[in-house]
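A.B. asks: Just so you know, the protein sequences line up as chains A and B, in that order. Note that our numbering gives residue 499 to position 499 of the first sequence, counting from 1, and the numbers run on in steps of one. Note that our numbering gives residue 20 to position 20 of the second sequence, counting from 1, and the numbers run on in steps of one.
Hints are not guaranteed to be accurate.
What the hints assert, rightly or not - Restricting the straight-line Cα-Cα distance to at most 35 Å, the calculated cross-link-like pairs of lysine-lysine (DSBU-like) are:
#, chain 1, residue 1, chain 2, residue 2
1, B, K20, A, K390
2, A, K503, A, K390
3, A, K609, A, K510
4, A, K390, A, K614
5, B, K80, A, K390
Because the hints were derived from the structure by calculation, they are not lab data.
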Amino acid sequence: MHSASAIALVGNPNVGKSVLFHRLTGAYVNVSNYPGTTVEVSRAAARFDADIDLIDTPGVLSLPARSDDERATVRALLHEPLRALIQVGDAKNLRRTLTLTALLAELGVPAVMALNMHDEASARGVTVDASALAEALGIPVVPTVATGGEGVAQLTRHLSDARKPQPLLHYDSTTEDAISELSQLIMQHRPHPRLAARGLAILYLGEDSEVEAWLRNATHEAYAEMMRVRTAAHASGVTPPALAHERGEAAGTLATRVTRRCADASPLLSHRLGQWVIHRVWAWPILFGVLFAVYQFVGVFGAGTLVGLMEDGLFGEVLNPIVTRLVHTHVGIPWLADLLVGQYGLWTMGMTYALALILPIVTTFFIAFGLLEDSGYFARLSVLSNRLFKLFGLNGRAVLPMVLGLGCVTMATLTTRILHSPRERLIAIFLMALAIPCSAQLGVVLGFLGAISFTALLIWLGVMVGVLILAGWLAARLIPGRRIPLVTEMPPMRLPVPGNVAKKTVGRLKWYLIEVIPLFLLGTFIMFLLNQFGALSAIIRAGEPLVSGWLGLPAEASAAFVMGFLRRDFGATGLFALSSELTAIQAVVGMVTLTLFVPCIASMMMIIKEQGIKIASAMLALIIPFAFFIGGLLNHLLRLLWVTGA
Amino acid sequence: MSHTDHTARVPLSFLLPGTKARVEAIDDAVDSTQREQLVAYGLAANRPLLVLQQRPMIIVMIDEVELALETDVARHVWVKRI
Numbered sequence: 001m002h003s004a005s006a007i008a009l010v011g012n013p014n015v016g017k018s019v020l021f022h023r024l025t026g027a028y029v030n031v032s033n034y035p036g037t038t039v040e041v042s043r044a045a046a047r048f049d050a051d052i053d054l055i056d057t058p059g060v061l062s063l064p065a066r067s068d069d070e071r072a073t074v075r076a077l078l079h080e081p082l083r084a085l086i087q088v089g090d091a092k093n094l095r096r097t098l099t100l101t102a103l104l105a106e107l108g109v110p111a112v113m114a115l116n117m118h119d120e121a122s123a124r125g126v127t128v129d130a131s132a133l134a135e136a137l138g139i140p141v142v143p144t145v146a147t148g149g150e151g152v153a154q155l156t157r158h159l160s161d162a163r164k165p166q167p168l169l170h171y172d173s174t175t176e177d178a179i180s181e182l183s184q185l186i187m188q189h190r191p192h193p194r195l196a197a198r199g200l201a202i203l204y205l206g207e208d209s210e211v212e213a214w215l216r217n218a219t220h221e222a223y224a225e226m227m228r229v230r231t232a233a234h235a236s237g238v239t240p241p242a243l244a245h246e247r248g249e250a251a252g253t254l255a256t257r258v259t260r261r262c263a264d265a266s267p268l269l270s271h272r273l274g275q276w277v278i279h280r281v282w283a284w285p286i287l288f289g290v291l292f293a294v295y296q297f298v299g300v301f302g303a304g305t306l307v308g309l310m311e312d313g314l315f316g317e318v319l320n321p322i323v324t325r326l327v328h329t330h331v332g333i334p335w336l337a338d339l340l341v342g343q344y345g346l347w348t349m350g351m352t353y354a355l356a357l358i359l360p361i362v363t364t365f366f367i368a369f370g371l372l373e374d375s376g377y378f379a380r381l382s383v384l385s386n387r388l389f390k391l392f393g394l395n396g397r398a399v400l401p402m403v404l405g406l407g408c409v410t411m412a413t414l415t416t417r418i419l420h421s422p423r424e425r426l427i428a429i430f431l432m433a434l435a436i437p438c439s440a441q442l443g444v445v446l447g448f449l450g451a452i453s454f455t456a457l458l459i460w461l462g463v464m465v466g467v468l469i470l471a472g473w474l475a476a477r478l479i480p481g482r483r484i485p486l487v488t489e490m491p492p493m494r495l496p497v498p499g500n501v502a503k504k505t506v507g508r509l510k511w512y513l514i515e516v517i518p519l520f521l522l523g524t525f526i527m528f529l530l531n532q533f534g535a536l537s538a539i540i541r542a543g544e545p546l547v548s549g550w551l552g553l554p555a556e557a558s559a560a561f562v563m564g565f566l567r568r569d570f571g572a573t574g575l576f577a578l579s580s581e582l583t584a585i586q587a588v589v590g591m592v593t594l595t596l597f598v599p600c601i602a603s604m605m606m607i608i609k610e611q612g613i614k615i616a617s618a619m620l621a622l623i624i625p626f627a628f629f630i631g632g633l634l635n636h637l638l639r640l641l642w643v644t645g646a
Numbered sequence: 001m002s003h004t005d006h007t008a009r010v011p012l013s014f015l016l017p018g019t020k021a022r023v024e025a026i027d028d029a030v031d032s033t034q035r036e037q038l039v040a041y042g043l044a045a046n047r048p049l050l051v052l053q054q055r056p057m058i059i060v061m062i063d064e065v066e067l068a069l070e071t072d073v074a075r076h077v078w079v080k081r082i
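Isolated chain B, as found in the complex:
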């Protein structure tokens, strides 16, 4: 990784409630329409988020938006803890 940052990229689905993270990338396993949808909801590269819940679905807060994602999607969203 080119950054000096030593924190590792992890899938969003790994994070526990209360964790703050920054979105790195959404990988191609998520179909392109849904990827666009995520970006429109605010889940886009470089944006900070806060994990609110893990169950029954992963719920994150981005600015004032609460977003629920299935694990099948969240494990393809790569983030770095901040």
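Next up, chain A with everything else stripped away, as it sits in the complex:
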């Protein structure tokens, strides 16, 4: 009956959906509900049948869709040739699982339920009677522990028994009348090849924008009629929250019937740990410890040891001399040789930078990030930092892109998709472009200023934090729109599974290699062109009065600013090269201006991609003068305080 050949995994966030997907396909996919990487629906051939496509949808808190992730999932339901659904449920949170089932069941797609994480449930004294649940829903229910592979074989076997689920509830009569009226209209004017009209009617009543867009393709008159029915229903109290409430109640009743709770289960270590990390006193030493560990791993081991081995050792001494020699002997055209291995060469600058300098740093960073993410710490960090971000018109959710920005601003810019409103995304991207130094730059700044004095480093840090707070505060007041208060679930603290962290890291690195390296190459190419046509030196000359007059730096330093656009750390390295000629004040002023000054070209392109050329240009037009303004101000202030120029 079904010619379709796709099976979709659907479920709430953090239920282990992507781990299960990986188990069923053997292909790598990002494990957490971490938009920016899984908001695009991923797919792979099923391990048990290569003709079936398995589709991993982003986690949905509930349907009808409200977030980007939820819209992507509804889009998959509407447009993929689905033969079945695997709903991945959370055994310890059956009510939420079944609230989603209550809606999915109405769509009439054959389904199987994977009742995942039943190990976590039993650790909490919660047991679910899977066979009673299967009977109530009319579909196979298979208890699984995806992280350990438990139950996956049974799940595969039961896929052929997938059935259309029994409806979980009847809505009240006014609602049912509206549903059947809408179903009639849909069946007549816009029948869906796979999804039941009743399910679509319920989603439409609940104001699901994807279903709405799909129904709009009916004739104009038919859609107008649907709108009329919905407006009338809303007026008589059949509102989206009321529908959601009825589904929640039905789900709750069934969940209570099939769940047994052992009342005196002792508090778990993971639960206590979860409370310590947000404790009003203990939270801070723990946060400090975590930051210190991350710094040791990423800053010292990644940016120091590994970069040293790669940049000086592998590239500096081995690869680059070989490549340069090869190019010079085989490429007769001087400008072409220059393009490949010259000062702004695609290999000597672009690839060396991307592979020798950034790759080791982002690798260690992604490992650390993945560990923190899987441990459940990030959700708690957003609770801890919420008050700070409130000042910026954001909420604690923004801590994730901001921390990621300390690794790579380009990737972090993409990750702002997890923020709920366009306003939040704009503020976060702006603040990152302005005041968050990426790991490459941070390394040079720490090395450079640290060598001068601790005071120099503190002044730099103070100015950065001050600018971040000032700019955030201003942005929150100047950018129109409302701030969204934080409401977040805190997933249990878990010991990260090394395999999953490794898979995630590999996935992110793959992204880095595919998406970011071309940007570095393009950036290098632009620099090469600017240099070839003399534009570079013209820009440097034009900037000199500003650099030596207002900032009080030597004229040569203006080159560093142009460089800073290509590679954030390269500008800093350019200043570093001048360090013997610089006073302490000049060093601090130079570094502050460079850090604030434009983000690197790769992140600039990502900003254009995410926000459009107009907003990106506006940001640039704001950031460049602002960086010079703050730098000059600092220059004059420091000179006043230390008249001799230290």
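Fit chain B to the known structure of chain A by using the hints.
C.D. replies: Showing chain B alone in chain A's frame:
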């Protein structure tokens, strides 16, 4: 109030850690998307909860779900102590 119950409705933000309460209503000051979100998380009418923490945010436990809410939201969630 029609109930014989004499305990008063209070905002969730008033409760101290360790207090058990039952959700009465979420008022309209919370925007409708966020209200739906709260219901989906399990913070729905008639459901029991336990307050775990007050600072830095209000943290409640509903069944096995730990939920953190900003005071701006919690003061619009009406509950009765149980």
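A.B. asks: Has the given pair, K20(B) with K390(A), been kept, meaning a C-alpha gap of at most 35 Å?
C.D. replies: Distance of about 29 Å is within 35 Å: holds.
A.B. asks: What's the verdict on K503(A) and K390(A), does the C-alpha distance respect the 35 Å limit or exceed it?
C.D. replies: The hint holds at about 34 Å.
A.B. asks: If you draw a straight line from the CA of K390(A) to the CA of K614(A), is it 35 Å or shorter?
C.D. replies: At roughly 27 Å apart (the allowed maximum being 35 Å), K614(A) and K390(A) satisfy the hint.
A.B. asks: When you check the alpha-carbon spacing of K609(A) and K510(A), does it fall within 35 Å?
C.D. replies: Judged against 35 Å, a Cα distance of about 19 Å means the pair holds.
A.B. asks: Does K390(A) sit within 35 Å of K80(B), going by the straight-line distance between their CA atoms?
C.D. replies: holds, 29 Å
Violation of the numbered hints given earlier is absent; every hint is satisfied by the structure.
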